Amino acid sequence: MIRDGSKQIINLDDWPILIFLKGFGCSKIEFRTRDINLIDAWSARILSYEQSYLSDPDSVKVDECHWDEVDPHSGIALIQCFFERIESFRANQMAQPAVPLMEGPIGVPSSAALNFMRELETESPIDTLHRFTLILNEYRSYGLIKDSKTWSLLIGDVMAVCLEYGQINKAKQIAEEHREALSAYWTDVQRTSRLLASYDPKVFELNHWMKIFETIPSSRLIGMLESLLTTPAGPQTLKLISARTHENPDEMIEICFHSDSAIQKLLLQWLLPHWRPAHFEKILNNLHQSKKRKDGPEIQRLWILALVRSSSRNAYDELYEFFKPKLLIWGSSHPQKKLQKLILQTLGENPNSETREFMKRILKFLKGDLAQYAEQIIQGQGRIGG
Amino acid sequence: MSRAIQRDVLSIFDCNVPDFEREFETLSLIRKYDEYTYLHSLNVARLSIALGKRLGLEGPHLAELGWAALLHDIGKLHVPLEVLNKAHKFTANELAIMQSHPAEALAAFAKNQPVTLQGLRRLSAAFEHHQRFDLKGYPTVSRKLHLHPFSRIVAIADTFDAMTTDRIYQRRVLPDVALKIMSQGFGTIFDPTLLQAFVTAMGAYPVGSLVVLSDQSMAVVIRYPDNSALDRPELVRVIPQEHNSINLMDPQFRELKIIRSAFPEDHDIEPFAVVALWRNRASAKT
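In order, the protein sequences belong to chains C and H.
Counting from -9, one number per residue, gives the positions in the first sequence under my numbering.
Counting from 232, one number per residue, gives the positions in the second sequence under my numbering.
What the hints contain is simulated information worked out from the structure, not anything from laboratory work.
The reader is advised that the hints may include incorrect statements.
[What the hints assert, rightly or not] In silico DMTMM-like cross-links for lysine to aspartate or glutamate, where the CA-CA straight-line distance does not exceed 20 Å: (1) K411/H - E93/C; (2) K375/H - E109/C; (3) K51/C - E313/H.
Please read all numbers here as calculations on a predicted model, not as lab measurements.
With the hints as extra help, turn the sequences into a complete structure.
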């Protein structure tokens, strides 16, 4: 119809592009050219509008599209679209048509429905997580991260879902790929708690599992300990601290020196194998502080053990000072006796030749049950009573 | 939690409300932010659920699909209202903001609730609903993994509803024309199997359409009797008004054809009232 220049009327429904134009209210198109290049350019443009419209109907606005093909020299429309101006449509009287009812006569072929159901039902959590890991990377590469806190919540939550479905490696991979992003996550106690609670690692999984939490500062972890202990995350929190202590005792030792008694009591148990002479002065200082604070016997016992572990020779010299008679102020002897008893108990747990030597040195200062107990240790017997 | 929102959702699909408390809260945020987006989300859910049912989905799968559809535009919470409701052409920057909404869904979702596996499936639909079946579209992706089944359903429902809803800047496309236009995206923009299912589920002229017949009378499509052709539904003439329905499959009407559809408000017709009236009459007879 176009090429030979003859006039022919075609139905807009017969040509796909024209259906699109009809949808926008175009009732007639006049072609006043035979130039095939021009017609191709016009149809390519209309097709691009159609594709944009199908991808996102909000992105195409009828008044802003170039529907006509205009001759650049004369300004005459060589292809002109005529749009009906429908009187009854006014923006302030927009109709709210109901969603059409899906009551068409032809059902979905059973094979198509079956395939769809199969696809949905065979989608495992691993598939979902795989998809979402890709989405996370796309999101990041899209440069959309504006709110680092929210982004970190998303990353952390996806890791939690991975762990909830036993995907330690996936969670570890995400943690490694988004190391920096995670820092904000650890400030959210509830979400950190969820992540910790989501999986209880077996011994052989511990190394991989720990990597997931690598970016949480130990000080923060310790700081959250009190609130996490009573939650389902409690056991894993302890596991993580214990593993970290084993892996990097120096960091934990520093934290321990500066924590309150409750935290110290926990950390001291894990730190026992890690004390070295370099720590001696700080341990001694903490033992004195603990005594001054009137901490419970358990924590003082742990400080005593730490002292002996760090440098036994120096420790026995310092502990000796607790037994040396001092000028007694009335009423102060009782606490001292309690500490002496505690020292004897602690040292008596695993006595060795050094312990026995120490007992011999202090025996002269002891009386009653304490003296009796020291003698028992020297002779390689028994424990002191409660 | 708003009772109105509960009622809206439960009119579309069944779900145990306490299990979806956070989702309801998120939906109420959408409603507070932009009424149009809320109503659009309800429509997308209606269409997605109807298609899901046709595909044989039921129970929890259906509720999951329903929520994926209801929250597919959650990212619009991060699009400023002046951009969201702009009547004129977007600037390049505004277009970029607008097109960021699928990706912004991730942030909006994570901010409002801890993410679960089900949440991730829903989020996939929110992230992917403007991606095409051939993985073009936006956000741009480099992966080869096909879209999630829910994303493919929601993409169809979303496009159809956006096309068939009046906007302040342009009139809607009539449903039958929208279906024809959407067919241009068969296998490229939309999943061909699902689009086929959607079109056949609607019929060439969906129930409730006002149509002009070859004798120049106007009628409302009231139903598709079993075994009828896609373009041969049962109708009730409204101009001139008649009481009896016409089944176009009936040999006595074989000369009568549907020429085109029309906007009901241009003729002061309320097609769904006609459908309801006819149905009431039909059920009273039985």
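Violating hint indices (sorted, rising): No numbers; nothing is violated.
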